[in-house]
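Q: Kindly generate the complete structure, drawing on both the sequences and the hints.
Protein chains in written order, with the numbering used here: chain S, 1 to 286; chain Y, 1 to 258; chain H, 1 to 364.
Honestly, the hints are just simulated from the structure, not real lab data.
For clarity, every value in this text was computed on a predicted model and none was experimentally measured.
In this text, a Cβ means the ideal position worked out from N, Cα and C, and glycines have one as well.
Some hints here could point you the wrong way.
[Claimed, not checked] With the C-beta cut set under 8 Å, the calculated list includes, among others, these residues of chain Y facing chain H:
1) D156
2) R158
3) L159
4) S165
5) L166
6) A168
7) T169
8) V177
9) P180
10) T184
[Stated by the list, open to error] Computed footprint of chain S on chain Y; a stretch qualifies when at least three of its residues, placed anywhere within it, have a C-beta under 8 Å from a C-beta of chain S:
11) 24-32
12) 84-92
13) 239-249
Now for the letters of each chain:
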Amino acid sequence: MSAAAVASSGTPRGERLYWALLVLPCVFLGLFYVVPVINVLVMSVTVPRLGLSNYADLVANPAVRRVLWTTVRIGVLTTAITLLLGYIVAYALVHTSARQRQTLLAIVVASFWISVLIRAFAWVAILQSAGLVNSALMGLGLIDSPLQLVRNEVGVMIGMVHYMLPYAILPLYANMSGIDRSLVPAARALGATPAQAFRWVFLPMSLPGLIGAGIIVLIFSLGFYITPAILGGGKTIMVAEYISVQISETLRWGLAAMLATTLLASVLLLVFWLSRFMDVEAALRK
Amino acid sequence: MQRFSFIHVLAWATACFLILPILVVIPISVTPERYLSLPTNSMSFGHYANLVGDARWSKSILDSLIVASGATVLSTALGTAFAVGAWRLGVPLARRLRLLMLAPIIVPPIVHAIAFYRAWAVVGLLDSYLGLVLIHAMKGLPFVVLTVAASLANLDHRLEQAARSLGATPGQAMRWVVLPQVATGVVSGAAFAFITSWDETIVALFVTSRRVVTLPRRIWEGLADNIDPAIAALGTLMVLITVAAVVINTLRTQRRTA
Amino acid sequence: MKDSLILAGIEKRYGDAVALQATDLEIKAGEFVTLLGPSGSGKTTILMSIAGFVPPSAGRILLDGQDVTGLPPERRNFGVVFQGYALFPHLTVNDNVGFPLRARGIRGADAQRKIDAVLDMAQLRAFARRLPRQLSGGQQQRVALARALVFEPELLLLDEPLSALDRALRKDFQAEFKAIHRQVGTTFIYVTHDQEEALTMSDRIVILDRGRILQSAPPSELYERPATEFVARFLGKSNFLRGRITRVADGMADLQCPALTSRVSVGRQDALAIGANAVAALRPEKVKLQRSEAPADGCSATGQVADITYLGSVIDVTLALADGTTLAATIPAGALALSEGETLVASWAPDAAILVEPDVERGA
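A: Encoded structure:
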């Protein structure tokens, strides 16, 4: 028997079963998922006619430019606020008693699991003109007329930060838990002040987690639909809502497909960037 | 050694911000009024009664259960199969395919909405249970793959070899040895898949209209016209279930580590 | 012969990397054979090929004259004890041991009788209802062994089974494996990197290095008559005398080294040429030390005591020779009062030193 014959007949029988297990879900996803998504990319250069005319709108169409600018602005601001608050919570989680940590973590995880719609609903109830905040402030006599807290960027960002916080806190907490607890005391023993020990030791070591969490939050923020749509009330429009309007109201499929493609490309670019700082899979695991 | 410092005050303030919406939906749900308000003098469970009594709410609860169950079964089966296959073969190809499996988490939901709206129109799956089940199964798939792969990561390949050397066929080795080891991963993956489907709003808004009306779609419509406090009642129920699950899970891990 | 296992030219390559060069090996029924070598020597590759988990790139595996090369592991009927035991964590001891019977469709009282018998042999009856994680390392080892023996396999393959245990427990198990081997009469193929395990248990040791067999022989022969420098170094300690051959006659040769001249046994090296470079292995315990003159047969060297290590019953002495090399000797404690720096004469019997094949590729 030749060496080649042995090698080919040597593929263990059991492996065929596992190849089937591996390939079947891929075929399913390829057929029902990849094909429809690719179709969107194709539509962006074929509807209404072949060419890059839809992409010209990115620069030529002032409405599109405004929506993109709103999306980037809200996305970046949301990310910045989320990271700041998330870093504080994660830091406290690592530097607190086991009891407090459990309570804090339970709150974070519970808010993670509450339906995004219910949360948007609650924020409307809290922030609207006759809502909790305005009633309380007016009842206390601090303001005469209600503050405008929804149907604008303030409302959208409050809702988005609220939604994104657990996505930042959990990876940051995982990252900080991995930092050796004796390093900061070591820096102090070597003469650093608490602020110096934090700046020179703890902060640099938590930086990969910070960047990773930031990219995750930015990825989800850019494509966010529900919270901006409900709390923006049609006044503050981000790209996802704008796309939906193109499809359901103005029927401009080409423009919608182009914006979807642009959004997808930006997100994939961010994921690629993320993969340089952390394990993408670990970051996405809830 | 840890003082209750400024940082801790800020952290707890943020935590209050996180639970504020949860704390608000509960009182709203017992308001006696028909509009969004806090109960002042009296409480009423009328909005809870509406969830059961109002045919539109009960149909939506049923629709969501049907779609989420179907999607969970499908994504759990496919996701587990993929994770086990990738674990056992360990080939570089499997690693790359895994990134494909994660795409439904990363790709923005609005892109899914356009994609499936177009594709399902072509194959006639718009506004059908099957159409939504397929989509939600794909959206849940990555979570199953991630959780099952995580529980497989620590599984010794020699267990499968041991089963084979002791006379088990490949199928028996998988049923008797590999699957029991990843059972908890499969169950939590299934829970993720179920919740993913239960909460999914955007694609459902696009691909369904009259026949299939899942809960998120019903809530969305309720939010659009006049805000119905029944949403708060529903929200309260969902919050209670979530909190119970988180507390039970916390206590269980506490007991295991203790 | 019944149930003899023959490896005919089996070979394993991963791309360009050769894990195992074409290897022939015959193992007789009932034999206790140990595959001994450092990591990467190919010993586990051989074992896993026999078990059916690593398909060889070339060659055939024959059991009792039948080709089993392409047979899946579950149809080979070989028991395997894995490194780390690979006990099924979700099954009790009883169910772990019952697993092979379940796979063979043996159920009920029949199965339980076999399980009980093997649990008794392994002294595990009292632990039958426990899960693997509730057992000590030694008990887990017994379960793994019981599980691999309950279906009366034709061969038992053991892959470094003792590597996770502490030294005292390892010693106990060496005796136990030997006893069980005698009791069940099954062929044992045992993989280890521990020379002591190999020497104490085996009928025969196969020494491997970098994907090939260097020597295959009973322990005493392997120790007394190593074929290569690597074998001599891997099994026990050895001095290596390096020099030129000046005379060959009647299975003996004269080796001229810079600091000494010795008569040596030719051993397994044939076709020696006068003037060729050669290496002889000399076990330290065969070296005698004295203050008097060298014996007449010329197997001796003179040097200064450079180091003395007291080991209880024996003393290790290192002599520095005139050419800068050293010579190690192991002598009974109390035989000689020594002090560092003093000059001594080392001597050995002519057949104590044996020519070995040098490690050419390994370099210095």
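Q: Hint by hint, note whether the structure agrees.
A: Against the structure, the hints come out as follows:
This hint holds: Y:D156 has a C-beta 6 Å from the nearest C-beta of chain H, less than the 8 Å allowed. Hint on Y:R158 holds. Least Cβ distance to chain H is approximately 4 Å, under the 8 Å limit. A least Cβ separation of about 5 Å between Y:L159 and chain H falls short of the 8 Å threshold, and the interface hint therefore holds. With its C-beta approaching chain H no nearer than about 4 Å, Y:S165 sits inside the 8 Å limit, and its interface hint holds.
About 4 Å separates the beta-carbon of Y:L166 from the nearest beta-carbon of chain H, less than 8 Å, and the hint is met. Against a cut-off of 8 Å between C-beta atoms, the interface hint on Y:A168 holds, since the closest Cβ of chain H lies about 4 Å away. Given hint, Y:T169 at the interface with chain H, holds; its Cβ is 6 Å from that chain's nearest Cβ, closer than 8 Å. Look at Y:V177: its Cβ gets to within about 6 Å of chain H, closer than 8 Å, so that hint holds up.
For Y:P180, the suggested interface contact is upheld, since its CB lies about 5 Å from the closest CB of chain H, less than 8 Å. Checking Y:T184 against chain H: minimum C-beta separation of about 11 Å lies over 8 Å; hint violated. Counting residues of the segment 24-32 of chain Y whose beta-carbon sits less than 8 Å from any beta-carbon of chain S gives 3, enough to reach three: the coverage restraint holds. Coverage of the segment 84-92 of chain Y by chain S holds in this model, with 5 residues showing a Cβ closer than 8 Å to a Cβ of that chain against a need of three.
As drawn, the segment 239-249 of chain Y meets chain S at 6 residues by the rule of a beta-carbon pair under 8 Å; at three or more, the given contact holds.
Violated hint for the displayed structure: number 10, the only one.
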